[in-house]
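Starting from the structure of chain A, add chain B where the hints point.
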Amino acid sequence: MTTQLIEPPRKQTKNSTAPQQPWIGNGNEAVARAIIEIGYDLEGYYPITPSSDAGEEVSKAFARGETDIAFVVGTSELAALGICAGAAVAGGRVVDVTSANGLLLKAEQMPAISGLGLPMVLNLSTRDVSAPLNIKNGHSDLYATLGWGWMIFMAPTVQAAYDMNVIAIKVAEAVNLPAIVAYDGFHTSHANRRIEVFADREDVRRFVGPPPFKATLEKKGDRFSLLDVAHPRTFGPYMNDDLINAKVQMDLKFDQAFKLIPKIFDEYAKLTGRRYGYVQQYGDREASRCLVALNTAGEAAKDAVDHLAAQGEPVNLVIPMVLRPWPEAELVEAIGHADQIIVAERASQYGANNYLANELGAALQRHGNDARIIQRTYGIGGLNFTMDDALVLYSECGTRNGERGSKGSVVTDAGSLRNPKSEIRNERGDRPSFSFAPHKTYHGAWPGDPSYDPPDTLVPLTVNECSLNAGMNGKVNLKELSKMPVRFDKHSACPGCGIFTSLNLFLRGIDGHVVLLFNTGCGMVVTTGYPLTSFKVPYFHNLFHNNSSTATGVVEMIRRFQRRGELPDEITVISVSGDGGDDIGMDQVIGAALRNDPFIHFEYDNKGYMNTGAQLCYSGFKGQKNSNAHFGPQQRGKTTHHKDIIEILRGTFAPYLATCAESHGLDMIRKARKAQATVRAGGFAFVKTLSVCPLNWGMDEHVGPSAVEAAVNACMHPLFEIEHGITKITVDPEASGKRISAGEAFNKMGGAFAHLSKPEFADLLAEVQEEINRRWTRLKAMSQHELL
Amino acid sequence: MVAASYRLPVKDELGFCNVFLSALGGDGANMAGKLLFKIGCKMFGLDGGFDARYGSEKKGTATDVSVRFCEVGTPVRQSGPTRRPNYLVVFHDDLITPLDLGRGLHDGAVCIVNTIQPPSEIRKLLRLHSGKIICLDATKIAVQTRSRLNMPLVGVLCHEIGFPDEQITKVIADQWPKAAEANLAAYAAAIEHLETETFDADDRFPLTEPTSIYGPIGWRNMLNGGTIDAIKFTTINRDNRIAGRGHVPKFDAAACNSCGICLTVCSDPGGLLWRQGRMEGIDPLFCKGCMRCVEVCPETKKGKALTTDYA
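Note that the protein sequences, when read in sequence, are chains A and B. Counting with the working numbering, you get residues 1 to 788 for the letters of the first sequence. Counting with the working numbering, you get residues 1 to 311 for the letters of the second sequence.
Chain B with its partners taken away, still in its complex shape:
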């Protein structure tokens, strides 16, 4: 069924409405983007494209997805990620600064952000020239409704693009019959719990050109053959917390006898803090929250030393 009356809310000079989803591997952004594109084509008679950033990204590493909509008949020529989004969906607010997600946004862009911060704070992070910022605690909604992060965020996106709610809910129910209830609940909850603020072009932040890929290491100073100096270019400052979605095992020192079994199963060495033959806790920056150590931690008189902090 095609809703003939649908009109794209905004188009760039080539006739496209550009959506950019910034997420982590495992968030379901890729699946959500494909679904969004299918909805647009099948139900609203649109054309366009779905392009993801492909690499060997694993669960927990940054990824992005671009969906472009246009009317049928508009030539679809360019490929790859969109550089000038009209709609930005941010799965984790702590991706904004490192990935400079505000760059290249059109004026009047709509930004949907999973955050507990208010739109005014998010605007500062994005350095948004003008547009609408919609904040929601999608993580909480996903947990409460036993859905996934992609559902509340894409629900709000569909809503903002002007896809009628009843058609979106039908697609969700059809796509995941087993999880329909949870997903529909997430969708409904998201629409209800939004904090929205619109910012006019007030000269606080200029419009910016899209990010072009660059970095402090280029062809002048790259080491021979791309060699990495392991003394300087370590992963020490990497924050693995995001991969565990904030969950790390809880450690009860009183219950621990430093038996060492957890040491044999940790999937990212350094996650467990062992000093001088004693287990001292979890390093949340290293731990990805896989809970393998919780699985093997033996029951002592005082219980298990390692437990999960969620049911």
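Looking at chain A on its own, in the form it has when it is part of the complex:
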């Protein structure tokens, strides 16, 4: 369905100060229209019915040149939202659309976005979560989000889907919280309606306001940009005891939002003539029966209310328009005198009372209202809900014509509801309080000392300092390298850890400004324990697996800001991951390689999930001892051969893939230079190093360098590179007469491997050796061939 303008723009309507015009389209198209009008920097995208065409419409508009939004398709819903997170932390205004299972795949990223304080809008075209698989409307996806720290705006109509998008981003950016706009799948997403839209997109942009900051790094609302190389910050630190305070802060933002939303609704009403509130109350507030229903069911029920009123049976109807922050007093007030409340929900909380019913029941109890709640689950899997259904629900709670509320219910106005009887005691002012939930506070959180201001202990690195005289024309001089300032130091990794040896060496080959992104792993835990950071350059940790998607979002924003002339600095983005991060996040690394996004992905392969206690990783050697692959009569350690991530990535035809090792420092520096040159030329580079783990390999702290060298010489970690598909071995232990057996190398690599050279495991070792030989021979053949 193409959108269509049916009348020329009108100047200004009676109720609005910004000209509005009629427009015909469905819910998804209305969302897309709002996205384009708002002027987002980036939409992360992955298709799922019924939200797919909200993205398709944006993509279409981009192709037509109607928007300059960066429309980036991820390898999954999770990747798409990771791209959004990266762009948001870099200062972008971002949006996404999803439904049902897609939302659940995003689930890990959702609380991370709210926890990091990144404002954005996620459009949720509601759909029931499988199984059995169903593509139609249901609120099981919506209800999963209730505790994720996202604001939730409801859109019962196509008009509201459009309007709430414009409103949500404004609120989100004002309080640094993300927002969901939920509209019913198919019932709204695919329903065509005639609605009113802004005649001039500039009016939308004026209303929403400029993005919180541009790449030029103006500060607003205490939100900072990852791209501020002049003031480096560590985003997403490792936080244990302090986490409760971060969550208090998040709740306080909801309190800010709670106070702000009515003002923004008001502002929007003045501009457009379309007024929203926390709650739509329809019908008779004095009536004894009240139906509470979300979105399209609530809309349909309005006809039932009119129908009953015409028959002399006044009833009440309440449609919540915002679920988070929870507008409790407004809901209780809107329910009014009813003593029987039918809470109809397009979902069930299996094995328990339903979601909204529970929340409303508790709300009524807190307000001394003993009205009876009747629960009805309806419409699961998209079954339609019409006026007739609403009439049945009303009829099921009695037909006391015209009867007014019973004595049991208490009705007061919202103002007095907000001052309940047992106010929390907070004389000291050191506990947070929330106007949306006056009985709620936190126990064990602490306010801190706002006057605390430790002295500066870092002078940010400059481009001049980080210029590299070494490494030009392929020549590397270690003395010159020593002059490159370190980008991090004083971490709390175990002595002899290979991660920081390798990364520090690699970074000595990278000049200019660097932004580091880390996947979860030892590397992030030991550098960013709150409130201190080891990093001297901007740093972001998002999740375990999606660094590569996150980096995509960051480099998209760098490109965009540079194109606009807003970001003078050249910045090299390096995404750092353990081998585990490239197991769980393999699809996303491949996705970044396929998109050829200009950043370096640097993998430290320590052959295990060392941060969680040495569990097996696919990159580990067959027969390796792991905490989840033991030795006994039934099993002999890891049962499969080592993953070769470079060969996996070969098929992406990314411009630069390489392996390196701390034992061959100059080789590593050359590869760092090439990787940076690749990125500067606009391409993706992947570099992997072998990283020792003295603790979990069971080796002495000092033997790391020789253990790595042994692995290289045994061709277990061959050093090579693939430039535009052409393979070249850069260190050939055979040619230099240094080749050793796997057994000899394992002996140096500590207790996790050394057992393999014992006589009783000779067959296992032979098998590993054979596999190593096979791969090495293959690699040599490719290295010798001019096309491979």
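FYI, nobody ran anything at the bench for these hints, they're computed from the structure. Hints should not be assumed to be uniformly reliable.
Stated by the list, open to error - Examples of chain B residues lying across from chain A (beta carbon under 7 Å, computed):
hint: 1; residue: Tyr214
hint: 2; residue: Ile228
hint: 3; residue: Asp229
hint: 4; residue: Ala230
hint: 5; residue: Arg238
hint: 6; residue: Gly270
The beta carbon of each residue, even a glycine, is placed where N, CA and C say it ideally should be.
For chain B alone, kept in the frame of chain A given last:
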């Protein structure tokens, strides 16, 4: 075998004798605490709990372990670290002040401290209301007997709690058959080399309530999303020496030709002091003593520039 005659030396109002071990990752405090709990249960018919502070602590970072003993039949309900120790074991005396280890101690607490300082000095650090302070150079004992730090300290603790020596030595021998000799030697040496002083409640220091977790950064002033300002909140003041247990490489400037190989293997950049293309030595505050650089430092005419200071 259960020694039926054993009685706990002290109990709190809930019937527990609370032990708190403060150490660094890699000291073996966790293992020692588990062993202590096992000894109490298996050999002395006690009940109680072992609870460690879990996080992602790496080798060399502060950690603690709590062991609580009670008689069988006493309900064991609370979990997590003990907040009011009767027995405090400090693996490194320089943990006392930063971690405020004296807070929450019961009156008459027994404090076993690895230190070369006398009990009177340790009392000042702990601000101990009253109790007994036992000082020993556990590091020296561990090195001399080729045992580990946990052995002399836990040995003294068992002794103080009143577990009979012969039973403790049997458990040690059974638990680590390969290291039995070293561990038993450490145990014996520890018992012999103690400096003990008892302090009465003399009003010098008040009893204190347990530390509750707090800090200058809280929900009022934390940056959005827990962001850290890297200009102000650096690790510059962190002292890594403790991770290397005091050992850093020795540097001989005369033997050094600044070849740069050490630079390529250092696991905590900044540990090596390079200025203007020249190697100038080791920064002991950064260096964790892994000795990687010693491993790769080449032999020159004047020997190796980087060497270890121990055999």
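Comparing the hints with the structure gives:
| no. | hint | verdict |
| --- | --- | --- |
| 1 | Tyr214 | holds (4 Å) |
| 2 | Ile228 | holds (4 Å) |
| 3 | Asp229 | holds (6 Å) |
| 4 | Ala230 | holds (4 Å) |
| 5 | Arg238 | holds (5 Å) |
| 6 | Gly270 | holds (4 Å) |
Every hint from the earlier list agrees with this structure, and none is contradicted.
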